[in-house]
Amino acid sequence: MIAPHVPPDPDGSSSPADAVEAALAVYLGPLTARSAVRTIAHGVLGRRPDQITRAEAPRFVEAFRPMLRTLLGDAPADHLIRELTEAVR
Amino acid sequence: MRPQPLLALPLLGAALVGLLSTVAGGPRLWLATAIAAQALAAGGCLAAAAALGRRDFMFKAWALYALSHALPAARRLVLGTGFWWQDERPLAAVLDAAYILVVNGARVAGSLLFVMALARAGLGAAAAARSRGGGILVTLGGLGLGVLTLLAYVQSALAAGTPRGAFWGGVAIAADTACFLLVVPLARIAGAFRGGVLEAPWAFLAAANLGWLVYDASRTAARLAGWGDGARGASEAVLAAACLCALAAGLAHRAAVAHAKASAAVLA
Chain C
1 MIAPHVPPDP
11 DGSSSPADAV
21 EAALAVYLGP
31 LTARSAVRTI
41 AHGVLGRRPD
51 QITRAEAPRF
61 VEAFRPMLRT
71 LLGDAPADHL
81 IRELTEAVR
Chain Y
1 MRPQPLLALP
11 LLGAALVGLL
21 STVAGGPRLW
31 LATAIAAQAL
41 AAGGCLAAAA
51 ALGRRDFMFK
61 AWALYALSHA
71 LPAARRLVLG
81 TGFWWQDERP
91 LAAVLDAAYI
101 LVVNGARVAG
111 SLLFVMALAR
121 AGLGAAAAAR
131 SRGGGILVTL
141 GGLGLGVLTL
151 LAYVQSALAA
161 GTPRGAFWGG
171 VAIAADTACF
181 LLVVPLARIA
191 GAFRGGVLEA
201 PWAFLAAANL
211 GWLVYDASRT
221 AARLAGWGDG
231 ARGASEAVLA
241 AACLCALAAG
251 LAHRAAVAHA
261 KASAAVLA
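Going down the list, the sequences are from chains C and Y.
Heads up, the first sequence is in the numbering used here, so the first residue is 1 and it goes up one at a time.
Heads up, the second sequence is in the numbering used here, so the first residue is 1 and it goes up one at a time.
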């Protein structure tokens, strides 16, 4: 069984960056997912991943679209971005 | 689809070809196994391409790889083990040139696109951060093996009195060597994706490219050393494994794309 995209977070305690990292790790592996989250957080928002707020999360998630489009194609990338945006809101 | 069952494809394919070679080895068997393996490889690449949109970056890579396997399978079906260069008519020379350039150009270009995918995705640093020492050694080894194979092939083809065969065979081996040099970056990308579903496609692509150069080297060595059909059987087993690695790579990438689509569809 392949792990789900976004792991369950019933109490909403995990940060947006953690949720995105866990979802990306399914595809990129844990090390590259962590590296991607750090790079995007710094490059797009100029912050550390743990400093990203829920208000900034949609913009943060959107920044992963080109990466996912390249590796998985347009339609799956659109679906994943929509799913991640819902999960971190 | 998990990578473990896919790993069985090249292993079982190579074992089957090796077994058949010891029981009933001969030109007809090897022609049939090569056609089957290359057709399966083309099918796997087409399966991956079909899961993507035509404008997607990876679509082009899979389409080029499919072409590079489908054309040799079709040529073998039509011409058997022969080439057009055994025909002296001018049209044959044009067909030779077009076939060799398209097949090998598609394979090199496809391999380059697979290597470029990581950088295009903005993840180049993830692969570059890994150890370089082993990669340099493998690259130099591959280059040396490729050049030696190329020289030995051209020399033996010229001695056999087939200069056109020597030239175009040399072009094909040079393209195989170029693909072999891309084994290291492909393996690095697979390493960067370790633990993710995208690890398997790149790992199988690296193995497929490696298999092609081992095939070239073993065929040239066998020709020079005058080895018999036993060595030929081993070469054909390597060819089958290389082609089935391409099939496994295509199926693994298709599964990754399908997973991304399926989970999102549940949410929608």
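These aren't lab readings, by the way, just hints derived from the structure by calculation.
Watch out, some of these pointers could steer you wrong.
To be verified - Covered, in the sense of this in silico footprint (three residues per stretch, anywhere, with C-beta under 8 Å from a C-beta of chain Y), are these stretches of chain C: (1) 25-38; (2) 52-62; (3) 76-89.
Unchecked claim - Below, computed lysine to aspartate or glutamate pairings styled on DMTMM-like, alpha-carbon distance capped at 20 Å: (4) Y:Lys261 with C:Asp50; (5) Y:Lys261 with C:Glu86; (6) Y:Lys261 with C:Glu56; (7) Y:Lys60 with C:Glu86; (8) Y:Lys60 with C:Glu62.
Just so it is clear, the structure is predicted and the values come from calculations on it, not from any experiment.
The beta-carbon is built from N, C-alpha and C at its ideal position, and this holds for glycine as well.
Outcome of the hint check:
1. 25-38: holds (count 11)
2. 52-62: violated (count 0)
3. 76-89: holds (count 7)
4. Y:Lys261 with C:Asp50: Between Y:Lys261 and C:Asp50 the Cα gap is close to 28 Å, so the pair fails against 20 Å, i.e. violated.
5. Y:Lys261 with C:Glu86: holds, 16 Å
6. Y:Lys261 with C:Glu56: With Cα atoms ~25 Å apart, Y:Lys261 and C:Glu56 exceed 20 Å; violated.
7. Y:Lys60 with C:Glu86: violated, 31 Å
8. Y:Lys60 with C:Glu62: violated, 25 Å
Figure legend: structure checked against the earlier numbered hints; hints not met, in rising order: 2, 4, 6, 7, 8.
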